[in-house]
Amino acid sequence: MNRKHFIRQTSLAATGILLSPKWLQKNDVILGHGNKRYRINTKWSKADALQYPVKDCHEMVQDKKGRIILLTNETKNNVLIYDKSGKLLSSWGTEYPGAHGLTLFNENGEDVLFICDNNRHQVIKTTIDGKVLMTLNYPKETGVYTKQEEYVPTETAIAANGDIYVVDGYGKDYVIQYNSKGEYIRHFGGRGDEEKFLKNAHGICVDNRNKNNPILIVTSREQNCFKRYTMTGVYINTIPMPGAWVCRPVIKGDYLYTAVLQSNSNTGNKSGFVTILDKNNKVVSNLAGSEPIYKDGKPEEMYQTIKAFQYPHDVCIDDEENMYVAQWNSGKVYPYKLEPVA
Amino acid sequence: MKYYTTLFTLLLYTHCFAQDSFQLAKPLAKYESVFFKESAKLELKFAQPGAKIYYTINNDMPSEKSILYKKPIVLKNQFTTVKAKAFCNGFIPSETIEYSFAKEGQKIKRITSSLPNSKYSGSGDSTLFDNKGGIENISSKTWMGFDSDTILLNIELAEKQFINEVLLSFLRNENSWIFLPKQVHVHYYDEGSDTYKLYWKAEYSSATASLPGCVLKGIAIPKPIIKSGKLKVMLVTVNKIPDWHPAKGQHAWCFIDEIKVY
Chain A
26 MNRKHFIRQT SLAATGILLS PKWLQKNDVI LGHGNKRYRI NTKWSKADAL QYPVKDCHEM
86 VQDKKGRIIL LTNETKNNVL IYDKSGKLLS SWGTEYPGAH GLTLFNENGE DVLFICDNNR
146 HQVIKTTIDG KVLMTLNYPK ETGVYTKQEE YVPTETAIAA NGDIYVVDGY GKDYVIQYNS
206 KGEYIRHFGG RGDEEKFLKN AHGICVDNRN KNNPILIVTS REQNCFKRYT MTGVYINTIP
266 MPGAWVCRPV IKGDYLYTAV LQSNSNTGNK SGFVTILDKN NKVVSNLAGS EPIYKDGKPE
326 EMYQTIKAFQ YPHDVCIDDE ENMYVAQWNS GKVYPYKLEP VA
Chain B
611 MKYYTTLFTL LLYTHCFAQD SFQLAKPLAK YESVFFKESA KLELKFAQPG AKIYYTINND
671 MPSEKSILYK KPIVLKNQFT TVKAKAFCNG FIPSETIEYS FAKEGQKIKR ITSSLPNSKY
731 SGSGDSTLFD NKGGIENISS KTWMGFDSDT ILLNIELAEK QFINEVLLSF LRNENSWIFL
791 PKQVHVHYYD EGSDTYKLYW KAEYSSATAS LPGCVLKGIA IPKPIIKSGK LKVMLVTVNK
851 IPDWHPAKGQ HAWCFIDEIK VY
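Line by line, the protein sequences are chains A and B.
Per the numbering used here, the very first residue in the first sequence carries number 26; after that it's consecutive.
Per the numbering used here, the very first residue in the second sequence carries number 611; after that it's consecutive.
Just chain B, same shape as in the assembly (with noise of 0.2 Å):
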């Protein structure tokens, strides 16, 4: 018997993957946001007879070994990335999708910026505070797009705070001409010296493409020095679109939807 099974589950192998093999396409995503204030709620669909989708939320890559999917995930963690992947037997099990989700840290008074492009203009003053945003869809409301070389993001705290990380979500979509930026630099207002002095700065590459999707990037500050209630945040965009891609040499698009400060 167990010869048989052996050979059995060897010639199945040999007959799936021999032939047309094909892939399972990625799970869909349902959330209303992936900021929040107590938590958010991620619901995960693959209506596919015999499929199963298995999670991490430890940046794992999903395994057959990981969390089975069974009912909306439940977030509460000031920052967490849920990593899902699809299965079934005879498929290519799909690729990974990844979310991640923030909640809120301080309290931001005001937002002001460089002027995005009309098109993509947002949804009012409050849209890079408004703990809506981690949407894929390019024409969400949520996002605020912007054409020129640099944006500039000017923070106004509620209260003066010891800064320890800046966070941006971004939409990457390299087919529709939207990158992350080349340079964030982080800038603190110092009183004393009534100036703004660079704090931290982090570089993004886009040398090689990259998955469609929702982006965080968190600009952790070393040793915070000093409290300060005001922020000054540049962005350095994709001036010209990389070789790689049909459109190279052309302005790149970067979108932003929302800004945390911890």
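Bound conformation, chain A alone (with noise of 0.2 Å):
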């Protein structure tokens, strides 16, 4: 056997390692299925935890300067301001302890965030640099809620018209639409038995994949499953995630990318991983989960088979199409990145 044929057996059967020229190179291990493949690199934050320090890293985003935002619940710095190599920039932010959700919405060219605290049950309306521009409270005008602990928002999600879209995930599931100026419209989904109602509605999003005809899409965590709803609440169908507690839906592109805070079938375990679904809201790949299977048009349950994650809680996704990972719960371990692979 020569050395270039052992090369590519050993290749073949060391599946999930890089065997390039480059083989002396950090972080060889790649993650995920087909053309959905990425090398992870767990080293990519350089910021100092004595002095920067974090907690749960629940949400990141990029912003139009590139950057990218995470948000922690420690409230030394609850944002941090990174590059897209891993440094630290500028953080903000001590008066979110319960820092859980974050949006970024360019609003007449001008980025704001949007912030869910668990702790304050309030959504707030940020700039950049973290200057407060709204508070939105308990929603009393819904009529469902009578006292602020009763509700727990977990995320946002603004559609173009500047509409906010709150989830309440972590209290009675509701989902509640405000105008831009934060005045109440209409709530729905909230529990029940029926398709259209939601338990743990931990994330939301606004699918503009089909630009004529934006939708909203709802995490039901506890249920494994996306709920899909009109912008203007009705129910349209489920896209089930079977065995895979799925977190905040992120579109880029022609894909939907969640993180999945772990499989169904290993609770309580850091069994997390990351999944993307194509345009037809298929499963394609699964970051350190199971190769994605479908039995008459149905996926098959999903799990963790790797253990690079313990509990991924979201995703980013930047301009290059890096992905950046944030984690709860995991020891106060900072965002990995994750370099597609051609």
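One or more of the hints may lead you astray.
[Unchecked claim] Simulated crosslink set (DMTMM-like; lysine to aspartate or glutamate; CA at most 20 Å straight-line): (1) B:K807 with B:E766; (2) B:K680 with A:E325; (3) B:K640 with A:E316; (4) B:K680 with A:E316; (5) B:K655 with A:E326; (6) A:K295 with B:E705; (7) B:K713 with B:D740; (8) A:K320 with B:E653; (9) B:K651 with A:E326; (10) B:K655 with A:E325; (11) B:K662 with A:E316; (12) B:K681 with A:E316.
[As the list claims (entries may be wrong)] Simulated DEER-style distance windows between Cβ atoms: (13) A:G293 with B:I702: 18 to 26 Å; (14) B:S673 with A:S115: 50 to 58 Å; (15) B:G859 with A:G293: 15 to 23 Å; (16) B:E653 with A:P365: 28 to 36 Å; (17) A:K109 with B:A817: 47 to 55 Å; (18) A:M159 with B:I702: 47 to 55 Å; (19) B:P703 with A:N133: 52 to 60 Å; (20) B:G828 with A:G293: 21 to 29 Å; (21) B:E653 with A:T119: 48 to 56 Å; (22) A:G293 with B:T818: 16 to 24 Å; (23) A:T119 with B:G828: 56 to 64 Å; (24) A:D321 with B:K717: 40 to 48 Å; (25) A:Y319 with B:I667: 26 to 34 Å.
These aren't lab readings, by the way, just hints derived from the structure by calculation.
Just so it is clear, CB atoms sit at the ideal spot from N, CA and C, and this is done for glycine as well.
Can you join these two chains into the complex? Each is in its own frame, and there are hints to help.
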């Protein structure tokens, strides 16, 4: 056997390892399936843990300057702002003990942020550098809440017209729609036995992959699925994600990306992974998870296969298609970066 | 050539384990119940390209020299423990998963028990002898969950028998405060004196943390001395969670889903 042949054989056997001529480079573990495979870098963040600590790294977004913004419930610095190489550029925020949801919206050319705070039972709109622009308290107008403690917002999504959709994923699982001024319009979702209801409505996004017909995708995490609604809250259908405790849906290009907090088959044991769905909402890749298998058009149960992540809580896809993964309750670990493999 | 191969393997090894080296997660196990009348079927899944599952049924720890999993494992023996593990080049092998399967023993007529907590009350009078169990999910209706200091189980057999062994199926999930009991006392009914007499007892320690899972505990009677149709099993639960646990000092839960008598 010549050496070339041997290398080719080994690389076939050692699935998951890159054996390119650059095989002395770091971080050679490849995660994912098909044409959605990534090289993982667990040492992306260059932040000094003593000076800029994190607790749960809940969510990440990229701003128009290309910077990566991380939200943590560590009140020494609720927001850490990185460049794409992992260098910490700045930080702000000391007043968000329950910092959980982070959504970026380009409002007439200016980036603004929406923070959901579990402990404060509020949604706070800020400038990109942390100046508070608006605070939404618990939605009395809905008539379904008697006190703020019943309302624990986890995520927001902002429509093109500026309408704000808030999901109360740790409260009563309603979706509350406001206009851009924060005036209540309607609410929908909530709990119940029918398909249109939600259980642990942890995330929401506007799915604008069909430009002429944007819709809402809402997480129903304990039911291991996403549910699709019109922009006025009419239930359309369900995207089953069997076995996967999906977090917020993130749309980039034709794909839907989401962190999976844990596998249903192994709860409480750091069994998370990341999943990617194509434009038909079919799972095409699981990063550190089982190979997607469909039988009669239905996905088989999904589960973690590689312990690369503990409890992934959000993914952010940057302008170069790199992925950042923020994790909850995972030993105060900073986000990982995953670069696509051609 | 040989030199190159060795060098390459060596570098590959250093390379793999010097950087991020990840462990495989455990394979997914699918079965209806670990209790059966004729046979049980265990299906193992691990959809990771290049990975293989090896397993044993003789209590050895699985290695790549064990049996290669190809199709669902059919179990017929009275008592079998399957141990399985996933392997894949470039990854640390998974932790070992372990499932014990048990065939139906002496026919049980009735089991009455102390009242379980109403949240985990099982699925009716036959919960503890319906051949349904070994499901790790806490909310499975196969479980009866107790939060009392002691649990009494009165077992009535269809016929008087020499009792060789009593098998109890527990759930252990210490993260969820579910522990094995501290002690199990097995008493048999003595017709002559019209009293219950202690047959045998067993003790289980929770001094250190254990992995979650379903646990079968057999209490073997060394020398069965008498035929009896009635047994009384008393479980002493962990009334104070040990110091190593975040909930130290709190009352633990005890979960049971099946009892077998051989």
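message: Hint by hint, where does the structure go against what was stated? Just the numbers, ascending.
response: Going through the list in order, the structure violates no hint and respects every one.
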